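Asks: Chain by chain, the residues run as shown.
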Amino acid sequence: MLIPCPLCGPRDRREFYYMGAAEYLERPGPDAAAEAWDAHLHLRANPAGRTRDLWQHECCGAWLVVERCTVTHRVFGARLIGGLTDAA
Amino acid sequence: MRYSGLQVLWEGLRGNRGWGPAWTKPEPKPAYDIVIIGGGGHGLSTAYYLAKNHGLKNIAVLEKGYLGGGNIGRNTTIVRANYFLPGNSEFYSHSLKLWEGLEAELNYNVMHSQRGLINLFHSDGQRDAFARRGNAMINQGDDAILLDREGVRAHLPYLDFENHRFPVYGGLLHPRGGTARHDAVAWGYARAASRLGVDLIENCEVTGITVNGGKLQGLTTTRGEIGAKKVAIVVAGRSGQVAAMAGLTLPIESHVLQAFVTEGLKPCIDHVVSFGMGHFYISQSDKGGLVFGGDIDFHASYAARGNLPMMEHVMEAGMALMPMIGRARVLRSWGGIMDMSPDGSPVIDRTPVDGLYINCGWNYGGFKAVPASGWCLAHLMATDESHEVARRFRLDRFATGHLLDEEGTGSQHNLH
Ligand SMILES: Cc1cc2nc3c(=O)[nH]c(=O)nc-3n(C[C@H](O)[C@H](O)[C@H](O)COP(=O)(O)OP(=O)(O)OC[C@H]3O[C@@H](n4cnc5c(N)ncnc54)[C@H](O)[C@@H]3O)c2cc1C
Ligand SMILES: [Zn+2]
Numbered sequence: 001m002l003i004p005c006p007l008c009g010p011r012d013r014r015e016f017y018y019m020g021a022a023e024y025l026e027r028p029g030p031d032a033a034a035e036a037w038d039a040h041l042h043l044r045a046n047p048a049g050r051t052r053d054l055w056q057h058e059c060c061g062a063w064l065v066v067e068r069c070t071v072t073h074r075v076f077g078a079r080l081i082g083g084l085t086d087a088a
Numbered sequence: 089m090r091y092s093g094l095q096v097l098w099e100g101l102r103g104n105r106g107w108g109p110a111w112t113k114p115e116p117k118p119a120y121d122i123v124i125i126g127g128g129g130h131g132l133s134t135a136y137y138l139a140k141n142h143g144l145k146n147i148a149v150l151e152k153g154y155l156g157g158g159n160i161g162r163n164t165t166i167v168r169a170n171y172f173l174p175g176n177s178e179f180y181s182h183s184l185k186l187w188e189g190l191e192a193e194l195n196y197n198v199m200h201s202q203r204g205l206i207n208l209f210h211s212d213g214q215r216d217a218f219a220r221r222g223n224a225m226i227n228q229g230d231d232a233i234l235l236d237r238e239g240v241r242a243h244l245p246y247l248d249f250e251n252h253r254f255p256v257y258g259g260l261l262h263p264r265g266g267t268a269r270h271d272a273v274a275w276g277y278a279r280a281a282s283r284l285g286v287d288l289i290e291n292c293e294v295t296g297i298t299v300n301g302g303k304l305q306g307l308t309t310t311r312g313e314i315g316a317k318k319v320a321i322v323v324a325g326r327s328g329q330v331a332a333m334a335g336l337t338l339p340i341e342s343h344v345l346q347a348f349v350t351e352g353l354k355p356c357i358d359h360v361v362s363f364g365m366g367h368f369y370i371s372q373s374d375k376g377g378l379v380f381g382g383d384i385d386f387h388a389s390y391a392a393r394g395n396l397p398m399m400e401h402v403m404e405a406g407m408a409l410m411p412m413i414g415r416a417r418v419l420r421s422w423g424g425i426m427d428m429s430p431d432g433s434p435v436i437d438r439t440p441v442d443g444l445y446i447n448c449g450w451n452y453g454g455f456k457a458v459p460a461s462g463w464c465l466a467h468l469m470a471t472d473e474s475h476e477v478a479r480r481f482r483l484d485r486f487a488t489g490h491l492l493d494e495e496g497t498g499s500q501h502n503l504h
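Chains A and B, in that order, give the protein sequences. Numbering (this note's numbering) for the first sequence: 1 to 88. Numbering (this note's numbering) for the second sequence: 89 to 504.
From chain A, some residues computed to sit far from chain B (all C-beta separations above 12 angstroms):
no. : residue
1   : Leu25
2   : Gly29
3   : Pro30
4   : Cys59
5   : Cys60
Label pairs and their calculated CB-CB ranges:
no. : chain 1 : residue 1 : chain 2 : residue 2 : range
6   : B       : Ser211    : A       : Leu2      : 31 to 39 angstroms
7   : B       : Thr471    : A       : Asp12     : 46 to 54 angstroms
8   : B       : Gly489    : A       : Asp31     : 13 to 21 angstroms
9   : B       : Ser421    : A       : Gly77     : 25 to 33 angstroms
10  : B       : His490    : A       : Asp31     : 21 to 29 angstroms
11  : B       : Asn223    : A       : Gly9      : 48 to 56 angstroms
12  : B       : Pro174    : A       : Gly29     : 32 to 40 angstroms
13  : A       : Asp31     : B       : Arg220    : 35 to 43 angstroms
14  : A       : Ala32     : B       : Ser421    : 40 to 48 angstroms
Rather than coming from a laboratory, the hints here were simulated on the basis of the structure. Predicted model, so just to flag it, every value in this text is computed and none were measured. Yeah, the Cβ is synthetic: ideal placement off N, Cα and C, and Gly gets one too.
Turn these sequences into a full structure, and let the hints steer you where they fit.
Replies: Below, the structure written as structure tokens:
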């Protein structure tokens, strides 16, 4: 599996750390109810198919949102968190 | 027909013409009292204990493929009761006791082999943690023996004891741990359930769950509508998708775990050996193949095959621990999809939908749980009360903070 790092180009999956679904970026506000925190930390849509998840490229340190398919392991593209640059 | 040594002899004398099918293949009825979705180990054992322990009739198991085609036929067959936390400890202890009587109970040879499991440790800190775990196992009523380096050498002389990165300090021996024949467990429960009148419906995928006013109404399947008073979702790696049919979102992420088997060799590995620091474990099947594996691939996946990096990692770890296996040729590798939960522990509970139950989140440890999981889910469905050894496997424990994080790695699904 090759993941296109917007800073470094296509790199082997071994160079990346996996964190989980990109939903994790939507952090509840400080006043959010306990249910919102439960959903944030634990509940996952967990799709069989196209998904967006969080990876860190350990070589350059960048955190990425990677768009890929959980059934075929095909990678469609990646962008830096903060949306600076796209790579495909 | 009851299986026995005499029966084998008799059938041998008359050309094996008398063995009938082990279970019947009925057409689905329009409705049942209880429907189990998923014909894996957990679904089949649930159906069996509903009929056996609670005397219930009118039960069906719906399986989208064939019985035993899921993870129950893909795992590396380790059976153990070496858990630490209250909640897990009594559950797996109960399960191991059921394993010890399973062959007589089912009248089926599941080849349960208590050959002993050794978990290796490689530092003083890890020794302390293992001593503590061993004490917890003994307090639970199970068995554990702390081995020093020479103790390990007496059992496993073939290890590389001089490994620089992870020198072997010792191991925790769990003598009652071991393996069983995974398919036989599915077949044994299927046959026993069928004999008690449970309808096992293969090639029947559940495609919809009808809920009305918070109450379960029935199921849509590829073999028509099927009504049900109570339904349990017991679909291992597909839990999130089936639960979504009832409008539920689960605390589950699906991951692939790989396993490997070599060509058949003469007996050389007598125990189950686990090398946690290297993410590697191994045993030898009765056919002679070395069966081994490591960690999950670490990223969410529904592909029932793995990637090369984890394969490479597992091979490296195996070579580091026991260089003698280097000449063995790997015959096959495969993967299975697992429900990873945020604390690494399972769920056996009701859902917010009236009449709908769920059994999920077994991570990579659900094979040894098959007997107790079915026992406890059957108890819950029949009596509407959690069984005492499964009462902490609640669906709401993540919201209430009562996590069962055996490894203490935190709320990240892939870290358990
Ligand atoms: C490589 C590997 C190694 C493992 N090693 C071990 C081990 O050593 N020890 C251990 O304790 N555990 C181990 N496990 C874990 C264990 O195999 C699983 O936790 C356990 O088998 C899961 O429960 P099950 O048997 O009911 O699952 P499954 O056999 O997967 O049963 C679920 C069934 O549900 C069916 N299904 C899914 N969706 C639908 C639908 N919509 N309608 C109808 N049916 C449906 C599937 O077809 C499947 O047959 C391992 C797993 C893997 C993959
Ligand atoms: Zn990079």
